[in-house]
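Sequential numbering of the sequence shown, starting at 874, is according to the working numbering.
The set of hints was computed from the structure by calculation and includes no laboratory data. For glycine and all other residues, C-beta sits at the position ideal for the given N, C-alpha and C.
Listed below are the simulated EDC-like cross-link pairs for lysine to aspartate or glutamate, each with C-alpha atoms no more than 16 Å apart in a straight line: (1) LYS1004 x ASP982; (2) LYS1089 x ASP1143; (3) LYS1145 x GLU1085.
Pairwise CB distance ranges (calculated): (4) LEU909 x GLU887: 38 to 46 Å; (5) ASP968 x VAL1155: 44 to 52 Å; (6) GLU1044 x LEU879: 24 to 32 Å.
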Amino acid sequence: FDDLKLMKKMELREVFTGMDIVYVYHNQIDARGDKLNTENEVFTACYEAVDEVFTMIKRISTNANTLHFIVTSDHGFIYKRDKIKETDKIIHVADKDAFINRRFIVAQDSMEDDGIASYAMDKILGNKDTKWVSVPVSSNVFKVTGGGQNFVHGGSSPQEMIVPVINVKVEKGHADTRPAQIVLVSMVQKITNLISSLDFIQSEPISDVIKETSYKVFFISEDNEKISNECIYIADKKDEDPSKRIFRLKFNFKNKQYDKSKQYYLVAYDEKNDVEALRHGVVMDIAFADDFGFSS
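Could you build the full structure based on these sequences and the hints that come with them?
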């Protein structure tokens, strides 16, 4: 992928002309998630990866006359925001020649301990392989030194094993314009403070196809009562680098009693046509001032 980004138009054509299949490998997510000092950036890396792949498809279809793409992944992942506790780590007794990962172990012998499932590789692969693969049956991990702790993959959970397969066919000569979109980057499910800041990203740079617009962003209740201030964001960034299109909005919430059993929503409306462009559900878990003996 990085090599293609540096290629000029004619070089791209040489790569794709006459080829039935060209594999392009993009490693943005694993490259950051697998490292201890950057694993907390994995969700930002996901948004950037989608943006970069989309941009590359447009560039190849325009410059290399290639119109059919299949976008997929080799695996998914699990990410835990809280630090992994020692009780969530499984102490293994694999032999010294085993291949040991936080989410799987490949060894000559099966592991029969509690919380571990083992599978014979000859039955999985349909060959005479004598090794066994062992995995935690939950989201727990094997105790391994070094590397990241919260971003893991290679286990048997649906999140790790199920991957998307997107079949993309580009219609030659067709280029409808559309407004720049914004996407919530912060993976927030609960609001706990009267003042909260959230990160967003303008998903694509402004171009001939992607047009500038503006959004009003705020929080509402199930009954459409506005419960926060209204933030205005002008989506006009032209930077190709996704990290330069990330922005932060600050929300001040009404000091009132919130029902934790009800749903509240972060919403964004395109100001030009008043169309809802974003809706994200949250739980409001804010201590009301009266709870502490103060008047509202």
